[in-house]
Amino acid sequence: MRLAPILLAVDQIQALEQAAATGKHPRERRRAQAVLSHSRGLTLQQLAAAYAVGRDTVRAWLTAFEQGGVAALAEGPRSGRPPKLDAAAKKK
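Residue numbering for the sequence shown follows our numbering, beginning at 245 and increasing consecutively.
Derived from the structure by calculation, the hints contain no laboratory data.
Glycine included, each C-beta is placed from N, C-alpha and C at the ideal position.
It is possible that part of the hints are untrue.
[Stated by the list, open to error] Distance windows between CB atoms, simulated:
#1 Ile250 / Pro327: 36 to 42 Å
#2 Gln258 / Leu329: 39 to 45 Å
#3 Arg284 / Glu319: 22 to 28 Å
[Unchecked claim] BS3-like cross-link-like pairs, simulated, lysine-lysine; straight-line CA separation at most 27 Å:
#4 Lys268 / Lys328
#5 Lys335 / Lys268
#6 Lys334 / Lys268
Please work from the sequences and hints to get the whole structure.
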């Protein structure tokens, strides 16, 4: 299934460009760049090849942006082992 390019407002373009340039995490910057590229006409397959991910991953990024804007592209908490040191131990 082909997704039509996302039509972005000027403020959305500015927010995405800022996120692509100064996002906290490289994955956030990559997602913002992908949304911008899709709005400029690149297909899911082209984006998947450019970012070395699957089309479903690109589709998930675009869907997240459509539903939640730039904030939805931010890196969320990840699971994993809790730290061994508490805040007091880290200060030492």
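The hints, checked one at a time:
1. Ile250 / Pro327: 36 to 42 Å: holds, 39 Å
2. Gln258 / Leu329: 39 to 45 Å: Hint holds: Cβ distance 40 Å, inside 39 to 45 Å.
3. Arg284 / Glu319: 22 to 28 Å: holds, 24 Å
4. Lys268 / Lys328: Measuring from Cα to Cα gives roughly 25 Å; hence the hint holds.
5. Lys335 / Lys268: holds, 24 Å
6. Lys334 / Lys268: Cα-Cα ~23 Å, so holds.
Comparing the model with each earlier hint shows no violations; every hint is respected.
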